[in-house]
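Trainee: Residues per chain, in single letters:
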Amino acid sequence: MRILYLMFNRLIWFFPTVFGLLLLVFTISHIIPADPVAFLAGDNATNEQIADLRAQYGFDRPLYIQFINYVMGTFQGDLGISLYTQRPISDDLLGRLPATLELTFVSVLISAILGVPLGVIAAVYRNSVADHILRLITVSGLAIASFWLAILFQLFFAMELQWTPLQGRIDGWGPDHITGFFLLDSLLVGDWESFGSAFSHLVLPVATLAFPAMATIMRFTRAGVLDAINSNYVLYEQAMGFPERIIIWKYILRNALIGTVTQIGLIFGLLLAGTVVVEAVFDWPGLGLYAVQSIMNSDYNAIMGFTLITGTMFILINLLVDVLQGVMDPRSEL
Amino acid sequence: MDNALLSVKGLEVGFDTEQGLAKVLDKVNFEMMPGEIVGLVGESGCGKTTLARAILGVLPKNSARISSGTIDFDNNNLLKLSSKDLADNIRGKLITFIPQDPLTSFNPVFTIGSQMMDLMKWKSPDSVKGKYFTRYKKSRQVTDRKRIIDLLHTVQLPDPEGILRKYPHEVSGGQRQRLMIAMALLPEPRMIIADEPTTALDVTIQAQILKLLRGVAVERGVSVLFTTHDLGAAYEICDRITVMYAGQEVETAVSKDFFSQPRHPYTQKLLQSLPNNSQDLKGIPGQIPALINPPSGCRFHPRCDVATSECAKLRPEVTWPKKGHMLRCFNSNSASTKETNNVIR
Amino acid sequence: MIETIKFLIKKLAQDRTAAIGVFLILSLILVAIFAPILATHPADITEFHPPERLLGPSAEHYFGTDRMGSDIYSRLLYGARITIAIALIAISVSVIIGVPIGLLAGYYRNWVSDALMRVSDIFLAVPQIILAIAIAQTLGPSIQNVILALSATYWPFWTRLVYAETRSALNEPYVEASIALGASPSRVMILHVLPNISSSIIVRTTIGMGGTILTAAALGFLGLGPPPPSPEWGRTIAESREFLPEAWWYAAAPGIAIFLVVMGFNLLGDGLRDILDPRTRRSKGG
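Protein chains in written order, with the numbering used here: chain A, 19 to 352; chain B, -10 to 334; chain C, 11 to 296.
Derived from the structure by calculation, the hints contain no laboratory data. Cβ coordinates follow ideal geometry from the N, Cα and C atoms, glycine included. Check the hints yourself; a few may be wrong.
What the hints assert, rightly or not - Calculated lysine-lysine pairs in the DSS-like style (CA-CA distance at most 27 Å, straight line):
(1) B/Lys(-2) / B/Lys311
(2) B/Lys200 / B/Lys16
(3) B/Lys135 / A/Lys268
(4) B/Lys50 / A/Lys268
(5) A/Lys268 / B/Lys(-2)
(6) B/Lys73 / A/Lys268
(7) B/Lys126 / A/Lys268
(8) B/Lys135 / B/Lys110
(9) B/Lys127 / B/Lys69
(10) B/Lys69 / B/Lys(-2)
(11) B/Lys135 / B/Lys69
(12) A/Lys268 / B/Lys312
(13) B/Lys16 / B/Lys50
(14) B/Lys312 / B/Lys245
(15) B/Lys69 / B/Lys16
(16) B/Lys110 / B/Lys(-2)
(17) B/Lys302 / B/Lys245
(18) A/Lys268 / B/Lys127
(19) B/Lys312 / B/Lys(-2)
(20) B/Lys16 / B/Lys312
(21) B/Lys16 / B/Lys(-2)
Claimed, not checked - Here are the in silico distance ranges between beta carbons for each label pair:
(22) B/Thr188 / C/Ile189: 45 to 53 Å
(23) C/Ser194 / B/Arg154: 47 to 55 Å
(24) B/Met22 / A/Ser146: 53 to 61 Å
(25) B/Lys311 / A/Ser350: 53 to 61 Å
(26) B/Gln145 / A/Ala148: 47 to 55 Å
Unchecked claim - Just so you have them, the derived chain B footprint on chain A, three or more residues with Cβ under 8 Å:
(27) 247 to 260
(28) 269 to 278
(29) 342 to 348
The following block holds chain A by itself, in its conformation from the complex (with noise of 0.2 Å):
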């Protein structure tokens, strides 16, 4: 009942911002551009091509008909055609949505499972020696660029030492397409050739996206348990003998996971904003990689297009950190 009432209380603010990310996608695409048509058509269209171009996709017509017509058009999923795959950009985007999804989840997931244990293990040595290391480790996280990070990975571990393909998603075909997710398909038909060729692309790309989110998982899980260490709580369990193992990785730790669960729509952005970069460098076929390639051939809608669904995404996700904070601490008003 509660989860309900939350996830409504939240959802309401879903719509609302949704519209303002589309009001922004249109200004930077619309308003922005001197000669938004002239954009569109490149650098060798004849003027005549121009006029008709703007006819065909109503810049002619004052601003707000053309708001409108783009919030229609968007809401049936018409984000335009592509001008380098001649497509419709809302295919190709959807098309390529699951290996970035493969791509961050992944991520998502190995930077959660060692930066929150990393994390209570800084906070209960604190100033020991592991501490320092660790705190070099989200240092370091934090300031390395990641596309470098990437180049540094493929230089050591695929070109050099030829562990890992250097680039790619798969060898092959892959596996047969249920999911999209190349891992999660793999598995279902038991197909184990595609899954470890599929593993062993993502190892690479999965270490320079979670090396940073890690960092930060870690960061804050250690800041939420020095905050729980010193609370009257911890005090009082300590003081009628409750294990201390039980203390720390029960009653410390589930207190300390509320601020990082926070933090984890951060760590979305960050990975969201990472894959463009990583994908690039990884030859990954993701929506990064769309928006790269659109970059290199001005291909505009394109961008905009991508713009609008990693921003989509990254409201649904931070939607749903919502609710789950207001889950994981009882005393969050509805």
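Starting from the known structure of chain A, arrange chains B and C on it as the hints suggest.
Mentor: Just chains B and C, lined up with the frame of chain A:
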């Protein structure tokens, strides 16, 4: 006294601070009989909470230094036990704890019921010593749950089943402290340490809680170490009262004598500072000393009216002006022995 | 004020990690200022020597040469100027836009402040680099446009922060008192609220510098930064990719430079947070 339940001797505790070592307890002696309710009274910073935590063995690990002394519980020096032994077999089993602030002392994200069941999993009278990895058997859960419900009735909480499903912030302050008392009793301990258990409560509820605490403790023969800065609260519930000043115990007496015939100058001033009908409010001139560099000898001497040069040199030895009345003062005879006519409530 | 600065300097000197941060940032600034003197081949920013392309590190070329035969060390030094210019201007603009909006939205409680916060929420609803990509792409690749794109995407961070801090500062007794005494809103905001929240702004700004430098480098890497032959670090790394693994030095130098500079700002930000956070601060009343 050999039959003492708890006997603290010459306990010296310091805290590392930026400015140096703060000498928070100065060779403190303290005793409790089985079933006795003893008040530990003093201003904040006098070391009463430190003493309570030292007995429990939960002083902050990286700053607290225990340099000498013994804490014998049931003729067993707790300072010699390993921290694991203390946590497993003493704390929560033989000695339990009632905290000052019941709101922040409950874990905010678990229901009251789950926290109580967790306590019983490890600290129920049925739990086997040293066996922490055994599963919490269903049959034990059922008996323990019945114990919890019974005890919630005992501490006069309405609708125990309903309360167990709630989160700590969903019940009132008075109810939370009743829950804390219940949790302190659940393991059937021999002693309860109650650290200012009513300070965080509304004045109207304080008396009820104290009465309840005394009632259940006397009924079960459990000793209670009760720290407070509130003399009224101590009067309400204690058999005996020990006064501490700046890390030194200065006087111990049974409650009646304590209020009628206080001997130590500090105790007298403390009692005079209580509001009453006939006199104006009196403060104690001067301030509590810094414990980094405390006054030598009797730490009260800079503020004492009857202090002599002797007081600054040596800490007075224990004297027994009356059976059961312990005093550490050279000049108690020159201090006004007239009975303070304080009427507490 | 002078007291505060003295206090800060003393504390920073005591905190080893923060001191390393200060050292790294000062190095960056010095390198940027003295690039023409320190550079061994200052002309190589615009000049090419194709016969000398892709030479390894040597006494002549400390960090080797690039695909055009230009000296990477010299280009790296000039790149520091671009990095500093982008980060400094973009962050200043963000602060100048973000802080007043946050103050106003925090001080007044009406539909305007709600609307302002909604707008900043929408900007925050898109990951910064993606919004910056969209804007930079629209405007075309140039230093000015990178700065514009970064400013347009980063200001809401300060608005959010200042808004929240202002709301809590307004509950402070002395602020309430000055309002009760009839101080004008601008007086309350500038004399009472702003000084009180300035430490949070300083910390956020320092750490924000690191983030902005990373985003700017990523934009450069994606080809949205200043166009060639600019020695911008991100672009240099992008150029190096086709010559890996043989010309490893090509990518190494700019990558390490980015890492050290961002690290410097993050360490300083952490140190400042420890010093300025009232919870960990020992003495020193307002």
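Trainee: Hint by hint, say whether it matches the structure.
Mentor: Hint by hint, here is what the structure shows:
1. Proximity of B/Lys(-2) to B/Lys311 is assessed by CA-CA distance (about 21 Å); at most 27 Å being required, the pair is judged to hold.
2. Between B/Lys200 and B/Lys16 the alpha-carbon distance is near 33 Å, which puts this suggested pair outside the 27 Å criterion.
3. The suggested pairing of B/Lys135 with A/Lys268 holds, with an alpha-carbon distance near 25 Å, which does not exceed 27 Å.
4. With a C-alpha separation of about 21 Å, the suggested pairing of B/Lys50 with A/Lys268 holds against the 27 Å cut-off.
5. Our distance criterion of 27 Å between C-alpha atoms is broken by A/Lys268 and B/Lys(-2), whose separation comes to about 37 Å.
6. For the hint linking B/Lys73 to A/Lys268, the alpha-carbon distance of about 18 Å falls within 27 Å, and the restraint holds.
7. A C-alpha spacing of about 20 Å is found between B/Lys126 and A/Lys268, which places the hinted pair at or below 27 Å, so the restraint holds.
8. Of the supplied pair hints, the one linking B/Lys135 and B/Lys110 holds, its CA atoms being roughly 13 Å apart against a limit of 27 Å.
9. Of the supplied pair hints, the one linking B/Lys127 and B/Lys69 is violated, its CA atoms being roughly 36 Å apart against a limit of 27 Å.
10. Between B/Lys69 and B/Lys(-2), the direct Cα distance comes to roughly 14 Å. Compliance with the 27 Å bound is thereby established for this hinted pair.
11. Restraint check for B/Lys135 and B/Lys69: the C-alpha separation of about 36 Å exceeds 27 Å, so the hint is violated.
12. Proximity of A/Lys268 to B/Lys312 is assessed by CA-CA distance (about 50 Å); at most 27 Å being required, the pair is judged violated.
13. With a C-alpha separation of about 20 Å, the suggested pairing of B/Lys16 with B/Lys50 holds against the 27 Å cut-off.
14. Simply put, B/Lys312 and B/Lys245 have alpha-carbon atoms about 13 Å apart, close enough for the 27 Å limit, and the pair holds.
15. In summary, the hint linking B/Lys69 to B/Lys16 is supported, as the alpha carbons are separated by about 18 Å, within the 27 Å threshold.
16. Restraint check for B/Lys110 and B/Lys(-2): the C-alpha separation of about 34 Å exceeds 27 Å, so the hint is violated.
17. Restraint check for B/Lys302 and B/Lys245: the C-alpha separation of about 32 Å exceeds 27 Å, so the hint is violated.
18. About 21 Å separates the Cα atoms of A/Lys268 and B/Lys127, which keeps this hinted pair within 27 Å; it holds.
19. For the hint pairing B/Lys312 with B/Lys(-2), the CA-to-CA distance comes to about 20 Å; that is within 27 Å, so the pair holds.
20. As the CA atoms of B/Lys16 and B/Lys312 are separated by approximately 22 Å, the hinted pair is consistent with the 27 Å bound.
21. About 7 Å separates the Cα atoms of B/Lys16 and B/Lys(-2), which keeps this hinted pair within 27 Å; it holds.
22. Roughly 34 Å separates the CB atoms of B/Thr188 and C/Ile189, a value that falls outside the hinted 45 to 53 Å.
23. Hint check: C/Ser194 to B/Arg154, Cβ distance near 53 Å, so the stated range 47 to 55 Å holds.
24. In this structure the hint that B/Met22 and A/Ser146 lie 53 to 61 Å apart at CB is violated, the actual value being about 44 Å.
25. In this structure the supplied range 53 to 61 Å holds for B/Lys311 paired with A/Ser350, their Cβ-Cβ distance being about 58 Å.
26. For the pair B/Gln145 and A/Ala148, the supplied restraint of 47 to 55 Å holds, since their beta-carbon distance comes to about 49 Å.
27. Counting residues of the stretch 247 to 260 of chain A whose beta-carbon sits less than 8 Å from any beta-carbon of chain B gives 11, enough to reach three: the coverage restraint holds.
28. Taking a C-beta to C-beta cut-off of 8 Å, the stretch 269 to 278 of chain A contributes 4 residues in contact with chain B, enough for the three needed, and the coverage statement holds.
29. With 3 residues having a beta carbon nearer than 8 Å to a beta carbon of chain B, the stretch 342 to 348 of chain A meets the requirement of three or more and the stated coverage holds.
Violated hints for the displayed structure, listed by number in ascending order: 2, 5, 9, 11, 12, 16, 17, 22, 24.
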